[in-house]
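Number of protein chains: 2
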Amino acid sequence: MTPGKTGNTGRPSTARSVEEHCAHVERLLDPLSSLPPVDVSPEAALGRVTAADISSPVDLPLFRNSQMDGYAVDAASLDTIPVTLPTRGVVAAGPGTPPPHEPGTAVRIMTGAVIPDGADAVVPVEDTVVDGDYVTISRRRRTGEYVRERGTDVTKGTLLLPAGTVLTPRHIALLAAVGSQTVSVRALPRVAVVTTGTELVPAGRSLRPGEIYDSNGTALSVSATANGGNVVSVIHSDDDSATFRAILTRAAAIADVIFTSGGVSMGDFEVVKETLAPLGGEFVHVGMQPGGPQGTAVFDGVPVLNFPGNPVSTLVSFEVFARPVLRRAAGLPSLEQPRLALATDVTSVAGKRQFLRARTTGETVEPVAGPGSHLVAAMAWSNVLIDIPADVEFLAAGELVEVWPL
Amino acid sequence: MTPGKTGNTGRPSTARSVEEHCAHVERLLDPLSSLPPVDVSPEAALGRVTAADISSPVDLPLFRNSQMDGYAVDAASLDTIPVTLPTRGVVAAGPGTPPPHEPGTAVRIMTGAVIPDGADAVVPVEDTVVDGDYVTISRRRRTGEYVRERGTDVTKGTLLLPAGTVLTPRHIALLAAVGSQTVSVRALPRVAVVTTGTELVPAGRSLRPGEIYDSNGTALSVSATANGGNVVSVIHSDDDSATFRAILTRAAAIADVIFTSGGVSMGDFEVVKETLAPLGGEFVHVGMQPGGPQGTAVFDGVPVLNFPGNPVSTLVSFEVFARPVLRRAAGLPSLEQPRLALATDVTSVAGKRQFLRARTTGETVEPVAGPGSHLVAAMAWSNVLIDIPADVEFLAAGELVEVWPL
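Sequence lines, in order, name chains W and U.
For our numbering, count along the first sequence from 1 and bump the result up by 152.
For our numbering, count along the second sequence from 1 and bump the result up by 152.
Check each hint, because a few of them may be wrong.
As the list claims (entries may be wrong) - Selected chain W positions facing chain U (in silico; Cβ < 7 Å):
#1 E195
#2 L467
#3 M531
Hints in this document: simulated from the structure, not taken from any laboratory.
Backbone N, C-alpha and C define an ideal beta-carbon position, used for all residues, glycine too.
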C-alpha cells in the first residue's frame, strides 16, 4: 500500500490494537469514576447504585408488636384451656403507649400494634369467642408466640446494603422501612452527543439525493442511557469547524464526557479530526472491524471520544470503548461475555479484531448478514457481537468464541 | 377453630387458592392489556414494547454509496495495473447528485457519498497516489467492490421489528436510520398506590411510640415502575372511610389500576374492607403465606387490588398477583421461574402455598431468615422467592423447587 499524498487523507501514522485503545480510553475517562455521589429519594433510586455502605438508623421492628389480630395475654394464663379471661380494652396499630398488662386478663390487639408491657403472647382471633367483657380462648400459646420482638429483623447499626448495590424494589422497600429520606448513589455521568456530517438530516424532513437520516445521535443517546449515562445534549453539527467548535464548547459546559460521530477517517472533510487534532486530539487507526478510525481528545477539560460515522461502526465503537467505562463510572456491573459455540464456519481479516453481528439462542451463535458497517438492520436483528481475535483468520463451526451481549 | 363473634373480625367466609385468586385478578385487570398504544419518539422508546409490526418506509442504504474514502471508477479501467487515470472532481457525502461517470476516469469520493452513475467500484485511498489531475491505482478491484448498493440492508416494506419487541439501542438505531419520528408502543398502565394505617408516618418525621415509617407506598411504587407501570399517584390514607373514599375517587380519575395496602384483615379498623365491601369488593383469605388476606374491587370503573399491610406481605402479594398482569399489559416478557435444588431442608404449613424469601447463586437456593411477614431486611437480602405448593409440608435438601426471581 502506498499512502496518498493528499492533505488529511493518508492512513494515520498511529495504529493501535483494540486493547491499547481501550486502555487509553479508560485513562482518559477515569475522572468519570470519581464523580461526587448524589442524594436521591428512595422513590427515585430504582436502578441506581449505592455510593457507600448503608447501616440501619433504627431497630426493625421499631417496637415489640403483634403479628396477628387477636388478644394479648400472658402465656401463663393459658395453662388450662379452654379458659375465659376478662377483657381490658383495645390496642390498635397507631401512635400511643397502651397501659401495662394485668396478668390474667386479655387485651384486644390488632396486627402491628404495641404489645402492652407484661403481655408475652398473642392469641389469634380465630381461636377466641367473645361474650361481653370476656373472651374464651380455646388453644394454648407459648411465651413469645405471635409477638414480634423489637430488632429481630435488624438492629440499629446493622449493615443494610453494601456500597455498590444496584437498587431494586426490595432494597428500596427496606430503605423506606428504616425511614430513609435520601440515599447516596453513584452519579450518572453527564453525556453529550454530537453527530457530524452534512449528509445527515433529522427525521421528518424529506430527503434530497445523497442525504440520510441522522441515526447516530439517537443511537448513542439511548446506548448511553441504557448504560448509566445521563444524556444532557444531542446535537448535530455540519462540517464547518467553527460551528463544530461552538457546539463542543456548549457541550463541555454541561457534560462529563462527549461522544462524537463521523469526521475522523480519511476523507477530505473530516471536521472532527481537523478541529481537534490541532488541540491535541489523537486520531488513530485501531486494528478492528468495524470501527477502525477512532479519535480521543480533551476539550475545555472534558474528555471526548470520537467515533467513526458509519452507523454500525458508531454502535460497535460505543460497545467496545464507551460502555465498559460508562457502566463502571455509574457503578453498574460489567456485562458477562460468555463463550459460545459457532453454528457456522467464520472467516476474518488477519490483523483486525472482528466484532461480528450475530444471534444466539443461548447455545450456539451465528453471524447475521455480512461485516458491512452500513448494515443497521442486521445489527438490530443481532443480539450479540462475536469477538474474533486479531490473529485469527478462520474458525470452524463448533469452535468456542467470546460474545458480547447487545 | 371457633370464629369470633365480633363485627369484622371473623375469618372471611370465602377462601381461595392462589391459582383461583390469580385467575380472578387476571380477569379483573384484563382491560389493562387493551389500553390504546401510544406514539413516542425513538429517543424516548428505550425499554418500551412495539405495539405493532414495523415495516421499513425506505430502502437501506437509501442510495448507492461508497463504503470507503477513495476513487470511484469503472472496474474495467483497472484491467491492467498499475494504471494512471485522469481525475474528475470530488463527491462528498451530502446533498446533491454527482455528474455521470466518464469511463476511464476516476472521481474522488468520500465514504457515504453517492456513487456517480456508470461507476461500479471504489478504490480505497490507501491504494492510490495522486499527482495533480491524475491518480495512479496500484490494485485491481472487481465490479461492486466497496459499493453499497441501495436496499442491500433492507428494502422498503421489509419487516423491521415485530410487534412485541422490547426496544434496545440497536432497535432504536434502526428506527432512527429509516427516519421514524415516532414509534407506536404499548401503553404503560397508569398505577395509583394508596397505603392505609394510622400507624404509618412519612420518612423524616420523628416517630412516636407505635408508629412506623410508611414503606409500602414506596415499595409498591417502585415495584410497579420496575414492571411496566406508570405510577401516577402515591398517597397515604388514614383509617377514616370518608378520607379513604375521597382518595380513591381522585386516584380512579387518573389511574388504570389502583393498589392499596393494609385494612383488609381481621382487625377492628379495616378501612379498606369496610369501605369497599359494601361497594361490591370481595375480601377473601387466600391459602398462601405471606399475604393471606386479599381483596379486589372496582371503584368508579377502575380495578383495585387490596393487599395486606405487612411490608413483606405487600411485596409478595405484588409479585404473585400484580407483577405478571402488569408485565403482560405493558408487553414485557414474563419472568422465568427456574427450578433449583434446595441447599437445606425446608418445612411448610399444610394447606398454604409458601413464598419463602431466599438467596440463590444460580446453582442452589437457600431460605433467608424465617417466614415472618415483618422481616423486610430478610426480603431485601433475598433475590428469589421459593414457591412451595400448598400440599407440601417438607422438602429435603437437594430437592428441586420453583423459584420466582425478585
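Hints, one by one, checked against the model:
1. With a cut of 7 Å, the hint placing W:E195 at the interface with chain U holds, because the nearest CB-to-CB distance is about 5 Å.
2. The closest approach between the C-beta of W:L467 and any C-beta of chain U is roughly 6 Å, which is under the 7 Å cut-off, so the hint is satisfied.
3. With 7 Å as the threshold, the beta carbon of W:M531 comes within range of chain U, its nearest partner Cβ sitting at about 5 Å, so the hint holds.
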